[in-house]
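Protein chains: 2
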Amino acid sequence: MTRPRVVIVGAGFGGLSAARALRTADVDVLIIDRHNYHLFQPLLYQVASGLLDPSEIAHPVRTILRGHANTDVRMETVRGIDLERRVVHGDEEISYAYLIVAAGSVTNHFGNKQLAAHTMGLKGLTDALSLRAKVLSRFEEAAETTDDEWRRHLLTFVIAGAGPTGVEYAGALSELFSHLLPRDFPRLDFASVRVVIVEGRTRILESFHPRLGAMAAGLLRRRGVELMLGRTVAEADDRGITLDNGARIESETVIWTAGVRASPLGEGLTPHVAHSGRVPVRATLQLPDHDEVQVIGDLAEFEEAGQPLPMLAPVAIQQGKHAASNVIAMLGGGLPTPFRYRDKGTMATVGRNFAVVQIGRIRVAGFVGWLMWLFVHLTYIITFRSKAVVLINWGWNYIFYDRPVRLITEVSSDRATDQPDTEARP
Amino acid sequence: MTRPRVVIVGAGFGGLSAARALRTADVDVLIIDRHNYHLFQPLLYQVASGLLDPSEIAHPVRTILRGHANTDVRMETVRGIDLERRVVHGDEEISYAYLIVAAGSVTNHFGNKQLAAHTMGLKGLTDALSLRAKVLSRFEEAAETTDDEWRRHLLTFVIAGAGPTGVEYAGALSELFSHLLPRDFPRLDFASVRVVIVEGRTRILESFHPRLGAMAAGLLRRRGVELMLGRTVAEADDRGITLDNGARIESETVIWTAGVRASPLGEGLTPHVAHSGRVPVRATLQLPDHDEVQVIGDLAEFEEAGQPLPMLAPVAIQQGKHAASNVIAMLGGGLPTPFRYRDKGTMATVGRNFAVVQIGRIRVAGFVGWLMWLFVHLTYIITFRSKAVVLINWGWNYIFYDRPVRLITEVSSDRATDQPDTEARP
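First to last, the sequence lines map onto chains R and X. 326 is the number that numbering that gives the first Met the number 0 gives to position 327 of the first sequence; each next residue is one higher, with no gaps. 189 is the number that numbering that gives the first Met the number 0 gives to position 190 of the second sequence; each next residue is one higher, with no gaps.
Calculated directly from the structure, the hints in this document are not laboratory data. There could be a bad hint or two in this list.
Some, not all, of what chain X presents toward chain R, calculated at C-beta under 7 Å [stated by the list, open to error]:
1) Asn-35
2) Asp-52
3) Ser-54
4) Arg-61
5) Arg-65
6) Met-74
7) Thr-76
8) Glu-139
9) Arg-182
10) Asp-183
11) Ile-407
The beta carbon of each residue, even a glycine, is placed where N, CA and C say it ideally should be.
With the rest of the complex left out, here is chain R (with noise of 0.2 Å):
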């Protein structure tokens, strides 16, 4: 007797969630994904910044699975969805008797291809590491030249978007050029390093409450970082950016972390997506016209109070556990029920020894909510082996103020399609 089959599109935060909670059901689970782990993205700016190594943040999602009897993993590119015929296409056809289609968002560069060329992202594995050798050998290269103007260029680093991606990649990258790189290049005139914010509002994390988004500001002014609020980013080239209103900054590291939207496979799920690339569902998760086919995460536009839920972890792992009950309802003919998200607050850190914290009401700023960003985020890789390792990272760059990862390694560009990046903030 075979039992239905219930195929999870993406391995990220939702769909993982989607396939905990199938554990104990009388179901075949099949969750596909492009990779063979699960990013904790949350982190990924660390890897980026060289304080931890890809494999303290990417679990391989087998293993993560490994005690699921009932589950199996692929490693395939989805390429699309034929609702009318029940089948998943990747290498071959895969037909489903339930979907939960979680396959989260990509950069967005707006159509610009330029910005896409000249630009780079922060949103998977590849971007980090890329990223991370990219900047270091930026130093390399000053180090060596004798033209001051294109040291200058080569020590700019351009971060376009004062999300909490760009926000705390800034303030690692502050961090890693005052006090680590000083070291190793003791010869280097450090004055000439600019780390340089460009936000098209007028005020950075502008998901958090206006006073902690100020505290975050002041601090990283005080740390180095400039801030261009209120501007963004017109063009991209090979030599720098030019800025609304004319203005050029000659640089060689342009970080783009200003926009985000869903994954290209929800056009294929409905002919009225919104702005954003996501899917609108119903209440229950469920796509309009397909009681079978659930969209959750970065992918899925449920209104709550008449706003969209933000692309985030929690999000993601409460809607994941939710449409994992509602296959259960079905399967024993009952009804799915409404989504209802219980929001478990944001947060977001600026270097070390500060972060800011928002959970309803309750809004903390500096020492103290980074203790608890680090409470947080220890909590929510406890259930992977490295949490011992990434401890002792954390532990040993905190007393002796050192980052480890300073390799730079090659890694080929590598673009998200059916990645479930989410940009998300437990």
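Using the hints, position chain X against chain R.
Okay, now just chain X, sitting in the frame of chain R:
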């Protein structure tokens, strides 16, 4: 007043050892390497088999030499050396008063382009990461295919060469395949997995006493590794290899550890390179016609008792130290002294709990050998920060029989030219 400049080409075991010994000398030291890191190559196979992370065996040269006030580091590819004008050709010309060339060795395909195109090396960090990704991808693909013959091809792993690298990697693979991967791929029939070593000589680990080689061979066979001795790889194509006796092995993954030759940089130093590409040097390590140039490590053809010294880390380390002392002697108006190698022994490990160790007349095999191997390797890396992390990873692996690092990440292929990827055994 400018001090004489000592240029060291290569930051492998030899180059680093020379730089360390020159720390307090009244000279300016410049060490140049293609990479920004020093590679602890004896543990490279552990990266290739997913036990260790790259940052655990690779360390930034700048960080290692941070305390050296007289030393500068450059990440640059050395394209040639002009002995008459006393300059090194990098991105620009670098002049020297004294030169120590420690450019190491590269994989040798004996001019067979097919071999080079259809096999993978295990010499540099990029090799190891590519190999790790390839091996794991084979299992992902094997888990999906319904074609039994194709699955057997995917799961056949051929290692050409039964020196320490080949044997250690075979041991690591057999552990990975017998203990860990079956848990990640519970539906895959592991009876069809093959690890085959092809070796032209009639025994493995030729540099060890025959008794030790035989014990290692026995252990490998008990662990399921097939040994094809007295056979060489005649041809390689995209479906597998053909042996010299015409026998065919269909395999998607052929690892070439059967040949090493000195860096091509040696050809610019002498018209008379040895068969292995090594540069003949005087008893003092100096070039015959150039007192100011010393060649050390894998690149140097240094004969003792009529035999060239092996390409091993201890040789490079001792020669680096000696070359530095020669420079110091010449600076003081003295004469360079002849180098003499103190044999520190060799060891190779075959998976967990078993190593062969040979120190002079002392020969050990088994668990005690493995403890010695562990002790020596931990002592060697004690100068690097990651000791604690390595210890924890090994401890974890030992207790839980787990290989923590099983990420398939893309890396671009990256051939060695001047990197002293010493075939090193401490």
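Comparing the hints with the structure gives:
1. Because the beta carbon of Asn-35/X sits about 5 Å from the nearest beta carbon in chain R, less than 7 Å, this interface hint is met.
2. Interface restraint check for Asp-52/X: the shortest CB-CB distance to chain R comes to about 4 Å, inside 7 Å, so the restraint holds.
3. Hint on Ser-54/X holds. Least Cβ distance to chain R is approximately 4 Å, under the 7 Å limit.
4. For Arg-61/X, the suggested interface contact is upheld, since its CB lies about 4 Å from the closest CB of chain R, less than 7 Å.
5. Hint status for Arg-65/X relative to chain R: holds, with the closest Cβ pair at about 6 Å, below 7 Å.
6. Hint status for Met-74/X: holds, given a least beta-carbon distance of 4 Å to chain R, under 7 Å.
7. Interface restraint check: Thr-76/X against chain R, minimum CB-CB distance 12 Å, threshold 7 Å, status violated.
8. Because the smallest distance between the Cβ of Glu-139/X and any Cβ of chain R comes to about 4 Å, under 7 Å, the interface hint for this residue holds.
9. Look at Arg-182/X: its Cβ gets to within about 6 Å of chain R, closer than 7 Å, so that hint holds up.
10. Annotation: Asp-183/X was flagged as interfacial toward chain R, and the flag holds, the nearest CB pair being 4 Å apart, inside 7 Å.
11. For Ile-407/X, the interface hint holds, since its Cβ comes within 7 Å of a Cβ in chain R; the closest pair sits about 5 Å apart.
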